[in-house]
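Let the hints inform the model, and build the full structure from the sequences given.
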Amino acid sequence: MAESKTNPGEYDHDASLRMKGGKETKWGTKEELLELVKKATDSGVGIYWDAVLNHKAAADHKEKCEAQEVDNDDRNKTVSDPYEIDAWLGFDFPGRGEKYSAQKYHWYHFSGTDYNADNNKTAIYKILGDKTKGWAKSGDVDGEKGNYDYLMFADLDYSHPEVEQDVIDWGVWLSKQITLKGIRFDAVKHFSEDFLRKFISKLDEQHGEGWFFVGEFWKDSLDDMSHYLERMGKKFSLFDAPLVYNFSQLSKTENADLRTVFDNTLVKIEPVNAVTLVMNHDTQPYQALEAPIEPFFKPLAYALILLRYDGYPCLFYGDIYGIKGEHPFPPSCGGALPNLVLARKLYSYGVQQDYFDYATCVGWVRYGTWDRKFGCAVLMSNAGPGEKKMHVGEVHAGEVWTDVLGWEQGEVTIDNEGFGNFICPGTSLSVWVNKDAEGRDKFGKL
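When the letters of the sequence shown are read in order and numbered with our numbering, they come out as residues 958 to 1403.
What the hints contain is simulated information worked out from the structure, not anything from laboratory work.
Please note that a few of the clues may not be correct.
[Said to hold, decoys possible] Below, a list of computed lysine-lysine pairs in the BS3-like style, where the Cα atoms sit at most 30 angstroms apart: (1) Lys1159 with Lys1013; (2) Lys1138 with Lys1159; (3) Lys1402 with Lys995; (4) Lys1133 with Lys1155; (5) Lys1019 with Lys1061; (6) Lys1133 with Lys980.
[What the hints assert, rightly or not] Label pairs and their in silico Cβ distance ranges: (7) Asp1267 with Tyr1040: 46 to 54 angstroms; (8) Ser1000 with Asp1239: 25 to 33 angstroms; (9) Glu992 with Thr1079: 38 to 46 angstroms; (10) Gln1134 with Asp1049: 16 to 24 angstroms; (11) Ile1277 with Lys983: 20 to 28 angstroms; (12) Ala1015 with Gln1122: 16 to 24 angstroms; (13) Ser1000 with Leu1246: 29 to 37 angstroms; (14) Leu1246 with Ser1037: 28 to 36 angstroms.
Using N, Cα and C, we set each Cβ at its ideal position, and we do this for glycine too.
Structure (structure tokens):
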């Protein structure tokens, strides 16, 4: 999955550039983006756009409006009388002008904000107007904190027809500008479900129903996630947050029961609509939703999302290339994550047979398909060295299999009934494939 956080319609990030008619953001120029997308498309890589539709930030000017402070833990509870605030809610887009859209944004296009310049006070302000203005209606956003419409910055009010139309127009325009395969929607539990259905429907009208749509609904309530999918329709997907928390907990628990790894996860109950992951920018160390995973467990976790039948796996950039900055860490999996991805691409196909029969050592087999015949056998342990007899198919009788990762030495000869006695190192895993399988020469070179 390739994600972009740029907005080609507002390519003037810096205020001085906006006033001077500049074209470049800190992400680069639109032309550079289009060149990147073309190269990716030519290489067979589809692009998913990362769309932040919940809020706007970095306004062009302040505007006065009436607002009321609300309780952080119960957004339906007011903690002040209504009063006038001076907030950063005016968006004129001077760099863009009216080239892409004539829409300007004012205080009445937003439902909330977090800063009053009159008194330099930071709080959650519900913006008031006529009697119909307020948070999104109950059931249209998540019910956490009473009403979780407000997340940060200037919160867009999708009950305003100009907001709804402008964002839909932006989506259609974006889809015509850039060759995309789908969209990742940020913070979907914080903005109108009704609007999002309209947005997706309009894109389907424009481009057919081949696009992939996934939402970031970060919550450990499986019921809430499942009900959201029911309301959005089965073509929509969500990131499997409960699975990430399972990985974190199992990695920190001595001799944890690996057989429970998929308990209470989205991929278990909605396998077609679950985007599986191990870590992301929010759950990495020192971030708001930190869910630390012990280094030894990272390869196990990635094998569990990459080499199994269910779910649509998503890799974290930081796990592939490492993270720099104030809290750096090296590439995970001892640098072997690209090899796990390659194993998925070459061998992880066909019927899956699980061997989840021992708490600290589990395995599975992928039998391959008629056109991808090699298959693979995976074995992992979160305790001592593991061993398991697994069936890979009589068609492989007499073959010699080895670990593509090179972490387990030796060979396994498949017997006449299609069984092999596979082993793995302690607190590690092995991925076994016929040593003469097509593509074996590519491992260790990525």
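Hints versus structure:
{"no.": "1", "hint": "Lys1159 with Lys1013", "verdict": "holds (22 angstroms)"}
{"no.": "2", "hint": "Lys1138 with Lys1159", "verdict": "holds (15 angstroms)"}
{"no.": "3", "hint": "Lys1402 with Lys995", "verdict": "holds (26 angstroms)"}
{"no.": "4", "hint": "Lys1133 with Lys1155", "verdict": "holds (18 angstroms)"}
{"no.": "5", "hint": "Lys1019 with Lys1061", "verdict": "holds (13 angstroms)"}
{"no.": "6", "hint": "Lys1133 with Lys980", "verdict": "holds (20 angstroms)"}
{"no.": "7", "hint": "Asp1267 with Tyr1040: 46 to 54 angstroms", "verdict": "holds (53 angstroms)"}
{"no.": "8", "hint": "Ser1000 with Asp1239: 25 to 33 angstroms", "verdict": "holds (29 angstroms)"}
{"no.": "9", "hint": "Glu992 with Thr1079: 38 to 46 angstroms", "verdict": "holds (41 angstroms)"}
{"no.": "10", "hint": "Gln1134 with Asp1049: 16 to 24 angstroms", "verdict": "holds (22 angstroms)"}
{"no.": "11", "hint": "Ile1277 with Lys983: 20 to 28 angstroms", "verdict": "holds (22 angstroms)"}
{"no.": "12", "hint": "Ala1015 with Gln1122: 16 to 24 angstroms", "verdict": "holds (23 angstroms)"}
{"no.": "13", "hint": "Ser1000 with Leu1246: 29 to 37 angstroms", "verdict": "holds (32 angstroms)"}
{"no.": "14", "hint": "Leu1246 with Ser1037: 28 to 36 angstroms", "verdict": "holds (29 angstroms)"}
The structure fails none of the hints (numbered hints given earlier).
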